[in-house]
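Colleague: These are the residues of each chain, in order.
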Amino acid sequence: MTEAFIYCIAMIFGLAALGTPIAYSILVGAIVYLATKGQDLALAAEQIIQGLFESFVLLAVPLFIVAANIMNAGTISDRLLSFCVALVGRFKGGLGHVNVVASLIFSGMSGSAIADAAGIGKVIIEMMTRNNRYTPGFAAAITAASATIGPIIPPSIPMVLYALVSDSSIGYLFLGGITPGLLMGGVLMAMVAYKAKVHHFESEAPVPLREMPRLTLRAFPALMLPVILLFGIYGGATTPTEAAAVAAAYALVLAGFFYRSLSWKGLYSILLDSSRSSAAVGLVIGGALILNYIVASENIPNQLAGSLQNIEVSPLAFLVGVNVLLLLLGCVLDATTLILVVIPLFIPSCRALGIDLVHFGVVVVVNSMIGLITPPYGILLFVINATTGISLQSIIREVLPFLVVLLIALVVIVLVPEVVLWLPKTVGYHG
Amino acid sequence: MPLLRWLKAGAEFVAVILLAAMFSFFILQIFSRYVLNEPLSWTLEACLITWLWTVFWGCGVLLRDHEHVKFDILYLGAPNRLRRVFALVSAAAVIVAFVTTAPATYDYISFMKIERSSSLKIRLDYIFSIYLLFMAGAVVYYGVRAFRILRTPEFEDRANPEKAE
Chain X
1 MTEAFIYCIA
11 MIFGLAALGT
21 PIAYSILVGA
31 IVYLATKGQD
41 LALAAEQIIQ
51 GLFESFVLLA
61 VPLFIVAANI
71 MNAGTISDRL
81 LSFCVALVGR
91 FKGGLGHVNV
101 VASLIFSGMS
111 GSAIADAAGI
121 GKVIIEMMTR
131 NNRYTPGFAA
141 AITAASATIG
151 PIIPPSIPMV
161 LYALVSDSSI
171 GYLFLGGITP
181 GLLMGGVLMA
191 MVAYKAKVHH
201 FESEAPVPLR
211 EMPRLTLRAF
221 PALMLPVILL
231 FGIYGGATTP
241 TEAAAVAAAY
251 ALVLAGFFYR
261 SLSWKGLYSI
271 LLDSSRSSAA
281 VGLVIGGALI
291 LNYIVASENI
301 PNQLAGSLQN
311 IEVSPLAFLV
321 GVNVLLLLLG
331 CVLDATTLIL
341 VVIPLFIPSC
351 RALGIDLVHF
361 GVVVVVNSMI
371 GLITPPYGIL
381 LFVINATTGI
391 SLQSIIREVL
401 PFLVVLLIAL
411 VVIVLVPEVV
421 LWLPKTVGYH
431 G
Chain V
432 MPLLRWLKAG
442 AEFVAVILLA
452 AMFSFFILQI
462 FSRYVLNEPL
472 SWTLEACLIT
482 WLWTVFWGCG
492 VLLRDHEHVK
502 FDILYLGAPN
512 RLRRVFALVS
522 AAAVIVAFVT
532 TAPATYDYIS
542 FMKIERSSSL
552 KIRLDYIFSI
562 YLLFMAGAVV
572 YYGVRAFRIL
582 RTPEFEDRAN
592 PEKAE
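Heads up: the protein sequence lines correspond to chains X and V, in order.
Note that my numbering gives residue 18 to position 18 of the first sequence, counting from 1, and the numbers run on in steps of one.
Counting the second sequence from 1 gives a position; my numbering is that position plus 431.
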């Protein structure tokens with residue numbers, strides 16, 4: 001580790017702590033590094049431009065953002081919700097279960113937890129708090145907790161980012177997320193059932209079975225989207241990036257022509273919003289590419305891997321250590337930064353310790369999604385607070401039990417790699 | 432000021448067109464490959480160019496400070512006076528770093544005129560020039576921001592947690 005690198009890191013952390021955008025902090029830190037080393041100052045620009053210009057997989061990020069925004073704007077979420085109410089509304093704490101199931105289905109279409117919470121989440125919170133049936137805090141908490149499933153079940157923007165930094169297969173990562181996502185949905189529903197029993201939550205009026213075919217049909221085109229995505233990717237028809245484009249196009253056709261719920265004006269503002277978010281995420285990705293270049297030229301990850309081998313850390317101890325670290329960091333950093341900036345440091349150690357990179361990737365993504373609801377810095381809590389006006393305090397108080405069960409699910413996923421790996425293995429993943 | 436509003440609408444229009452173009456090129460690529468069975472060679476490159484421009488156009492011209500991914504617990508928790516200092520240091524760091532690297536970066540990008548993109552044959556200095564616009568935009572934005580902080584004692588900016596994930 002050179003002196004230049006220490007200045008660089010100090011600069012990045014110092015600026016980021018003051019609230020400078022992460023991407024700018026990294027750019028400034030990188031420039032300090034190049035200046036101290038006496039290298040060409042244009043290297044920072046070169047790395048960020050070439051990095052963004054050459055990586056084809058990254059195109060999935062703006063495409064998934066567009067797809068999620070289109071689905072939120074159309075009536076797609078509403079149709080899904082009435083389908084879910086018919087499906088699980090009749091149970092005690094019905095709308096809580098509806099919330100989780102809707103998130104599970106929606107997560108098969110969108111790759112973003114934020115989109116999930118701000119879109120379908122907002123609608124269901126309104127349903128839950130109408131006539132004071134559920135406290136706003138509880139409604140917001142279960143919405144935030146279930147939104148974390150969004151990027152676990154494919155498609156998933158964080159997994160695309162992980163694939164970029166770890167050089168592992170997006171297809172296997174996506175497949176690996178399915179069982180853990182269902183597991184997370186399961187533990188959340190168990191918690192809802194428990195709470196419903198203790199607090200005597202109401203159930204929804206049962207929807208007559210003869211209504212089911214009509215409601216299913218209404219939601220059918222939307223329900224087909226996850227199927228199209230999975231078939232596209234695993235049928236070998238399309239790459240995950242192409243699947244992202246197909247998803248966006250399908251959502252557009254569905255909302256625009258089929259359901260006729262999207263105006264030109266609406267489309268314009270969706271594209272504008274998506275363009276802004278893509279630019280913000282793109283710049284952080286660019287910053288991470290520069291940082292990866294510096295970290296690699298300092299040979300940090302290999303040194304870390306070497307020192308871990310010297311002190312003979314077992315793979316399990318390493319995984320537990322990384323998870324604890326990520327959970328702590330997740331309280332104050334957001335998932336994009338965690339995956340792009342922190343995770344690359346550990347990839348060579350994983351290789352040296354023989355930890356499966358697909359397993360590690362899913363663990364990392366689950367962990368960083370849990371970080372989205374951990375106070376004090378949980379973006380999902382902020383988003384719900386901003387879109388519904390429910391106070392942060394009440395959300396945080398109610399979210400804790402859900403946090404606990406999600407952590408239990410995480411422990412299971414860490415300890416039993418097969419939960420992640422059995423599905424990829426059935427389609428020929430060898431680890 | 433109507434001029435400013437007009438400029439903003441124009442900048443937004445460009446951002447929409449860039450993303451819409453990227454999306455369309457991608458669909459065209461899929462259509463030509465899977466439906467027509469005659470893959471076009473230029474669509475991928477067109478996607479990558481529009482993606483590069485989406486990022487740097489958006490960040491250089493459109494995005495405000497609070498729209499970026501950032502760690503703002505300390506910033507938001509600080510009293511107003513300290514916040515102003517934080518914001519000033521941030522702005523100064525970005526301006527100093529970008530201004531000092533501008534000549535070298537300009538040299539690098541203009542040197543890229545010797546290369547052309549592989550299928551559309553566009554000179555790379557044209558494609559990469561958006562980065563210079565991004566740097567200039569950031570310097571102007573943070574310059575104005577620093578000026579505003581110094582001018583208005585009650586400078587408050589809004590935090591917005593809605594970021595893409």
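Worth flagging that the hints you see were computed from the coordinates, not collected in a lab.
Incorrect hints may have been included.
Claimed, not checked - DSBU-like mimics (lysine-lysine), calculated; alpha carbons at most 30 angstroms apart, straight line: (1) X:K122 <-> X:K265; (2) X:K265 <-> V:K544; (3) V:K544 <-> X:K37.
Nothing here was measured: the structure is a model prediction, and the numbers come from that model.
Colleague: Please list, smallest to largest, the hint numbers that this structure does not respect.
Modeller: Per hint list: single violation, 2.
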